[in-house]
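Residue-level listing of the chains:
Protein chains: 2
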Amino acid sequence: MYLENIDSPADVKKLDKEARVVLAQELRDALMNRLSKKGGHFGPNFGIVEATIALHYVFDSPKDKFVFDVSHQSYCHKMLTGRKDAYLYEEHFTDVSGYTNPDESEHDFFNVGHTSTSVSLASGLAKARDLKGETGNVIAIIGDGSLSGGEALEGLDYAAELGGNFIIVVNDNDMSIAENHGGLYKNLKELRETKGTAPCNLFKAMGLDYLYVDEGNNVEALIEAFEKVKDIDHPVVVHIHTQKGKGYKLAEENRENWHWSSPFNVETGERFAKGGGESYASLTSAYLLDKMKKDEKVVVVTAAMPTNIGFTADKRKEAGKQFIDVGIAEEHGVAFVSGLAKNGAKPVFSTHSSFMQRTYDQISQDLCINGNPATLLVNTASIYGMSDVTHLGIFDIPMMSNIPNLVYLAPTNSEEYFAMLDWSIEQDQYPVAVRIPCNGVHHTQEPVDADYGELNRYKVTQEGSQVAILALGDFYQLGEQVAEAIKTHTGVAPTLINPRYITGLDEALLSDLKKNHTTVITLEDGSLEGGFGEKIARFYGSSDMKVYNYGLKKEFIDRYKVSELLEENHLTPELIVADIF
Amino acid sequence: MYLENIDSPADVKKLDKEARVVLAQELRDALMNRLSKKGGHFGPNFGIVEATIALHYVFDSPKDKFVFDVSHQSYCHKMLTGRKDAYLYEEHFTDVSGYTNPDESEHDFFNVGHTSTSVSLASGLAKARDLKGETGNVIAIIGDGSLSGGEALEGLDYAAELGGNFIIVVNDNDMSIAENHGGLYKNLKELRETKGTAPCNLFKAMGLDYLYVDEGNNVEALIEAFEKVKDIDHPVVVHIHTQKGKGYKLAEENRENWHWSSPFNVETGERFAKGGGESYASLTSAYLLDKMKKDEKVVVVTAAMPTNIGFTADKRKEAGKQFIDVGIAEEHGVAFVSGLAKNGAKPVFSTHSSFMQRTYDQISQDLCINGNPATLLVNTASIYGMSDVTHLGIFDIPMMSNIPNLVYLAPTNSEEYFAMLDWSIEQDQYPVAVRIPCNGVHHTQEPVDADYGELNRYKVTQEGSQVAILALGDFYQLGEQVAEAIKTHTGVAPTLINPRYITGLDEALLSDLKKNHTTVITLEDGSLEGGFGEKIARFYGSSDMKVYNYGLKKEFIDRYKVSELLEENHLTPELIVADIF
Chain A
11 MYLENIDSPA DVKKLDKEAR VVLAQELRDA LMNRLSKKGG HFGPNFGIVE
61 ATIALHYVFD SPKDKFVFDV SHQSYCHKML TGRKDAYLYE EHFTDVSGYT
111 NPDESEHDFF NVGHTSTSVS LASGLAKARD LKGETGNVIA IIGDGSLSGG
161 EALEGLDYAA ELGGNFIIVV NDNDMSIAEN HGGLYKNLKE LRETKGTAPC
211 NLFKAMGLDY LYVDEGNNVE ALIEAFEKVK DIDHPVVVHI HTQKGKGYKL
261 AEENRENWHW SSPFNVETGE RFAKGGGESY ASLTSAYLLD KMKKDEKVVV
311 VTAAMPTNIG FTADKRKEAG KQFIDVGIAE EHGVAFVSGL AKNGAKPVFS
361 THSSFMQRTY DQISQDLCIN GNPATLLVNT ASIYGMSDVT HLGIFDIPMM
411 SNIPNLVYLA PTNSEEYFAM LDWSIEQDQY PVAVRIPCNG VHHTQEPVDA
461 DYGELNRYKV TQEGSQVAIL ALGDFYQLGE QVAEAIKTHT GVAPTLINPR
511 YITGLDEALL SDLKKNHTTV ITLEDGSLEG GFGEKIARFY GSSDMKVYNY
561 GLKKEFIDRY KVSELLEENH LTPELIVADI F
Chain B
11 MYLENIDSPA DVKKLDKEAR VVLAQELRDA LMNRLSKKGG HFGPNFGIVE
61 ATIALHYVFD SPKDKFVFDV SHQSYCHKML TGRKDAYLYE EHFTDVSGYT
111 NPDESEHDFF NVGHTSTSVS LASGLAKARD LKGETGNVIA IIGDGSLSGG
161 EALEGLDYAA ELGGNFIIVV NDNDMSIAEN HGGLYKNLKE LRETKGTAPC
211 NLFKAMGLDY LYVDEGNNVE ALIEAFEKVK DIDHPVVVHI HTQKGKGYKL
261 AEENRENWHW SSPFNVETGE RFAKGGGESY ASLTSAYLLD KMKKDEKVVV
311 VTAAMPTNIG FTADKRKEAG KQFIDVGIAE EHGVAFVSGL AKNGAKPVFS
361 THSSFMQRTY DQISQDLCIN GNPATLLVNT ASIYGMSDVT HLGIFDIPMM
411 SNIPNLVYLA PTNSEEYFAM LDWSIEQDQY PVAVRIPCNG VHHTQEPVDA
461 DYGELNRYKV TQEGSQVAIL ALGDFYQLGE QVAEAIKTHT GVAPTLINPR
511 YITGLDEALL SDLKKNHTTV ITLEDGSLEG GFGEKIARFY GSSDMKVYNY
561 GLKKEFIDRY KVSELLEENH LTPELIVADI F
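Those sequence lines, one after another, are chains A and B. Counting from 11, one number per residue, gives the positions in the first sequence under this note's numbering. Counting from 11, one number per residue, gives the positions in the second sequence under this note's numbering.
Worth flagging that the hints you see were computed from the coordinates, not collected in a lab. Mixed in with the good hints, there may be bad ones.
Claimed, not checked - Calculated Cβ distances over 10 Å to all of chain A for the following chain B residues:
1. Asp74
2. Glu101
3. Phe103
4. Arg202
5. Glu262
6. Leu293
7. Lys303
8. Val347
9. Ser397
10. Phe405
11. Gly463
12. Ser537
13. Asn579
Unchecked claim - Derived list of chain A stretches under chain B, where covered just means 3 residues or more per stretch with a C-beta under 8 Å from a C-beta of chain B:
14. 113-125
15. 163-174
16. 202-214
17. 300-309
18. 535-548
19. 556-569
To be verified - Taking lysine-lysine and the DSBU-like style, the derived pairs with C-alpha atoms no more than 35 Å apart in a straight line are:
20. Lys199(A) - Lys196(B)
21. Lys304(B) - Lys73(A)
22. Lys556(A) - Lys325(B)
23. Lys327(B) - Lys142(A)
24. Lys331(B) - Lys238(A)
25. Lys240(A) - Lys307(B)
26. Lys196(A) - Lys73(B)
27. Lys142(B) - Lys73(A)
28. Lys307(A) - Lys196(B)
29. Lys238(A) - Lys27(A)
30. Lys524(B) - Lys563(A)
31. Lys469(A) - Lys563(A)
32. Lys303(B) - Lys556(A)
33. Lys556(B) - Lys240(A)
34. Lys142(B) - Lys199(B)
35. Lys327(B) - Lys301(B)
36. Lys24(B) - Lys142(A)
37. Lys142(B) - Lys303(A)
38. Lys331(B) - Lys556(A)
39. Lys563(A) - Lys469(B)
40. Lys73(B) - Lys24(B)
Note that the structure is predicted; figures quoted are calculated from it, not measured. Even for Gly, the Cβ is constructed at its ideal location relative to N, Cα and C.
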């Protein structure tokens, strides 16, 4: 086995042509070993096996610097740079993250996880090299799906002015997470069909030199191309045509389904974890599809993550012209729904909390200054969301809730979530965001309000005294537990409140609490700084009320265990009682 | 005079060819009247006179909908849609804002002020029209300078998939605010030189239909082109070649200087307001130029606003390869400096507070997760900055300071500002942002620290008791006045503190204050929600300390008077004393 003897890229360079072919198969076997047992990004890594071998054969990492876009396709790179054990041996699976990580290796330059950043980051490395008078190649590796993101397009446009060595490998597998969207993909298709010779060429129109490689899964063809551009004295795009999921028939045939996979049976492709039970993804798409059928003005917009609110291919088809995936283009997505709302449609835009970060200015300028009644659905906005440092769902409250005019709602169960969403779609006064619950599908027997138009009215769900608990959104259930623990500890039942509105204070209720409460506790499922609790602390700042804010301390956390994170931040009934009494 | 009789676009349609030529001159005269006396965007409006006449002649606003990018070129549109008095008569100058504004007219659809948003916003109007089964044209008007922004490129790419009527007028005057930057401008040049016939065409590469108009300042040529695309059934780009500043020789010759102008002498072009005195713009560029000469690793990056930190054309030339304007591409700018810092350069990126909003995700992901030691200089971050609702400098503290790993500094005078900037450039531990003071250039005789590496150490500048004032950044001078007023009122001198660090608490000092203080006042030059003061309120939440937070309430304000805004938010020594005692 060659792979077992590869401790660094130098070992790749020793292999001859035949050995490189064997190595490609060994890399796929190792990928299959890890992915079938632990899960991860399947299609992108199976497609880039040969390119990774060729890159490490031709260039000299880390003097030559690779920057992988998103870096979800860096598994083979990791195997060839001293981290093969994490793919070969189950006991080493947790040694590596799913993305490039400078803490793991000198061959990784950035912690990356969002799309479309590689060209800009790599151009910084290249410019610094030139300022220092050093040599070496800088290579950005970006997939076709990432090209539609604004940051990538800004980076490509700038790259033409950079001067000096800079190589952009466009890994074109004709696929985003789902299918691609956007006019530029017609051009990529034309370039593939003409073997790169079509006179109208996006990259040349951006001022860049260009080279096409049709056989992007042929190591030798790639080596030839990379050797041509090695040490080039100006920016160049190497457009390679690859097959997503290459080498595993099921993944080649159903590319969307195999972009990412949970653990599966290698023989059948069957996933071990059965969905089963309710999920907010399927509930949300079912609700929205029904809504669309009743009202042709309802339109759902996603940015390359349609299945995260349940819009699988069949449901997208069912929604027809009322469903729009704009591709990886979150900025456009938010501005687009502002325009839709302005002209009388009822638009809903959804993406993950951490990808919503790309739209701060669009939420502020395009949407909220204009006060257009679009709905933003914020997904995986929770400690129960994704735990990779690049995908944390704990910063959306500080980011979004301090923007004027936005009404940001935090439902506490399924019924309240859909009531809020329905109200938001039907009202025409405010830009509204709704934080999709993420702590399992809770149901309530209590009636929930249908109208949220009288803003910032908190709901008292348990009347009590001495202590009041403001338990926001996903932490409402924790609030119930805290209330119980306090009652047990003190013998006095506290007041429990569902604030519902993240973006404003119920000043009348908060003032009223002063009458028979001495202490207020806030609970929020996110970072404390700039969040909800601090606003409560400010409100009571000059009064005698004692305020305790619970949430997460401000820090980037990576691959955390939820239970440990809760403990560390005193987010358990026991620790809260111990803090206060 | 034709203009005096134009109350709506219907009146434009009545004019014949000769009258349209006269109208163009009358519009320029009216522009000159307002701009020479009140100031405003000069070059963009002088260049788009003919196109505006042709647009209103051919299309039927507001059924046909115009969306102006940035909308700083909408003055002639305003004149032709019932708002001519604001240009003809000085007593009506304040009737209109400098941007499109739905509160002014049914012919305006969005409050706009940031670049690169028009295509996405307009595509939303178009899609809503189609969902409702209505007809009419939707027309986005975007300048060449705005094309490099990520949101615009995302929008163009998406537009090709939109289907239905959609017209994108690219107003190409071969100029951004300063010169354009980016590879796509080579393609625009090629298209201009070939009268639109070059086979490599950015817009076609984005999947769009395309029409070129060489004489973009010829009303008749434009009418012919617009009539061709009126009621078209698919998206099309109309690329018109115009002359920025057309009709005023000085502006045609020095386009950067005449992009925007303060009031001036029409005969000589001389500006009435003489700069004179110190400004942070010229001080900053002088400091940075000196720094670059001493260290070739220092590199300054701006995004189309170089003069805002004093980098006029001569100084850009002087800086040579160590100065980079990336054009309107803020996302790229921040990711680029992260890459520069990672590879050992000492980069500084600067833009306005309100444009920094475009980079939330880049600050978080590309810069702060990676902990790279780049410096961000945040300009006009203050109530003393720009007062247009789209350009407010009061939200950067909530936006940036809650991002982990960032060190955000608030200097209180010139000496402290340059000491902080120098420390930031030389250190290699943290991403650092510095809020450039904006309340005039204050100097101090007191020594300022050179090393800010021990984070979150606040500085006590006046020892006192009972009351402590935390006076952040630009509001330090207000803090001095408040201290004086309290001493006068109570007879007891309060403690005055310069917090310096926006992004962290000096917990030792804050705890220590409990010994002989009962009250803490915070002052910050920005929106209170999610800001600095709330963190102090949280810190003292469960103690007996009374905390009063002063800053701005969360709202979008427009063309405010600073003195009135201060009063409204109780930001005067008298009102603060009255609140507390």
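Verification of the supplied hints:
1. Non-interface call for Asp74(B) relative to chain A: holds, since the shortest CB-CB distance, roughly 13 Å, exceeds 10 Å.
2. With a closest Cβ-Cβ approach of about 28 Å to chain A, Glu101(B) is found to remain outside the 10 Å limit, as its non-interface label requires.
3. No beta-carbon of chain A is positioned within 10 Å of the beta-carbon of Phe103(B); the least distance is around 23 Å.
4. The Cβ of Arg202(B) sits about 14 Å from the closest Cβ of chain A, beyond the 10 Å cut-off, so the non-interface label holds.
5. With a cut of 10 Å on Cβ distances, Glu262(B) stays outside the contact zone with chain A, its closest approach being about 26 Å.
6. Consistency note on Leu293(B): stated as away from chain A, and its beta-carbon is indeed over 10 Å from all of that chain's, at 24 Å minimum.
7. In this structure Lys303(B) is separated from chain A by more than 10 Å, as the shortest Cβ-Cβ distance comes to about 14 Å.
8. Not every CB of chain A lies more than 10 Å from the CB of Val347(B), the least distance being 6 Å, so the non-interface label is violated.
9. Distance check on Ser397(B): its Cβ is at least 14 Å (rounded) from any Cβ of chain A, clearing the 10 Å threshold; non-interface status holds.
10. For Phe405(B), the non-interface assignment is contradicted: its Cβ lies about 7 Å from the closest Cβ of chain A, within the 10 Å cut-off.
11. The Cβ of Gly463(B) lies farther than 10 Å from every Cβ of chain A, with a closest approach of about 19 Å, so its non-interface assignment holds.
12. At roughly 7 Å, the least C-beta separation between Ser537(B) and chain A is not larger than 10 Å, which violates its mark as non-interface.
13. The claim that Asn579(B) is not at the interface with chain A holds, since no C-beta of that chain comes within 10 Å of its own (minimum 14 Å).
14. Here's how the region 113-125 of chain A fares: 6 of its residues keep a CB closer than 8 Å to some CB of chain B, so the rule of at least three is met and the hint holds.
15. As drawn, the region 163-174 of chain A meets chain B at 9 residues by the rule of a beta-carbon pair under 8 Å; at three or more, the given contact holds.
16. Only when three residues or more bring their CB closer than 8 Å to a CB of chain B does the claim for the region 202-214 of chain A stand; here the count is 5, and the claim holds.
17. Requiring three or more residues with a Cβ within less than 8 Å of a Cβ of chain B, the coverage given for the region 300-309 of chain A holds, as 3 such residues are present.
18. Interface restraint, the region 535-548 of chain A with chain B: holds (10 residues with C-beta to C-beta distance below 8 Å; minimum three).
19. Counting residues of the region 556-569 of chain A whose C-beta sits closer than 8 Å to any C-beta of chain B gives 7, which meets the bar of three, so the coverage hint holds.
20. Proximity of Lys199(A) to Lys196(B) is assessed by CA-CA distance (about 24 Å); at most 35 Å being required, the pair is judged to hold.
21. For the suggested pair Lys304(B) and Lys73(A), the alpha carbons sit about 27 Å apart, so the restraint of at most 35 Å is met.
22. The hinted pair formed by Lys556(A) and Lys325(B) fails the criterion: a straight-line CA distance of about 55 Å is larger than 35 Å.
23. For the given pair, Lys327(B) sits about 20 Å from Lys142(A) by alpha-carbon distance, which is consistent with the 35 Å threshold.
24. Pair hint Lys331(B) plus Lys238(A) holds up; C-alpha atoms about 28 Å apart against a cutoff of 35 Å.
25. Between Lys240(A) and Lys307(B) the alpha-carbon distance is near 25 Å, which keeps this suggested pair within the 35 Å criterion.
26. Restraint check for Lys196(A) and Lys73(B): the C-alpha separation of about 32 Å stays at or below 35 Å, so the hint holds.
27. A hinted pair counts as satisfied when its Cα atoms are at most 35 Å apart, and Lys142(B) with Lys73(A) does not qualify at roughly 58 Å.
28. At roughly 42 Å between alpha-carbon atoms, Lys307(A) and Lys196(B) are farther apart than 35 Å, so this suggested pair is violated.
29. Between Lys238(A) and Lys27(A) the CA atoms are separated by roughly 18 Å; this keeps the pair inside 35 Å, and the hint holds.
30. A C-alpha spacing of about 23 Å is found between Lys524(B) and Lys563(A), which places the hinted pair at or below 35 Å, so the restraint holds.
31. Simply put, Lys469(A) and Lys563(A) have alpha-carbon atoms about 27 Å apart, close enough for the 35 Å limit, and the pair holds.
32. Distance hint between Lys303(B) and Lys556(A) is unfulfilled; the C-alpha atoms sit about 55 Å from each other, more than 35 Å.
33. About 65 Å separates the Cα atoms of Lys556(B) and Lys240(A), which puts this hinted pair outside 35 Å; it is violated.
34. At roughly 40 Å between alpha-carbon atoms, Lys142(B) and Lys199(B) are farther apart than 35 Å, so this suggested pair is violated.
35. Distance hint between Lys327(B) and Lys301(B) is fulfilled; the C-alpha atoms sit about 15 Å from each other, no more than 35 Å.
36. A hinted pair counts as satisfied when its Cα atoms are at most 35 Å apart, and Lys24(B) with Lys142(A) does not qualify at roughly 65 Å.
37. Between the alpha carbons of Lys142(B) and Lys303(A) the distance comes to roughly 14 Å, so the proposed pair stays at or under 35 Å and holds.
38. With a CA separation close to 57 Å, the supplied pair Lys331(B) and Lys556(A) exceeds the 35 Å bound.
39. Under the criterion of a C-alpha separation no larger than 35 Å, the hint pairing Lys563(A) with Lys469(B) is consistent with the structure, at around 24 Å.
40. With a C-alpha separation of about 18 Å, the suggested pair Lys73(B) and Lys24(B) falls inside the 35 Å cut-off, and the hint holds.
Hints 8, 10, 12, 22, 27, 28, 32, 33, 34, 36, 38, counting from the list given before, are not met by this structure.
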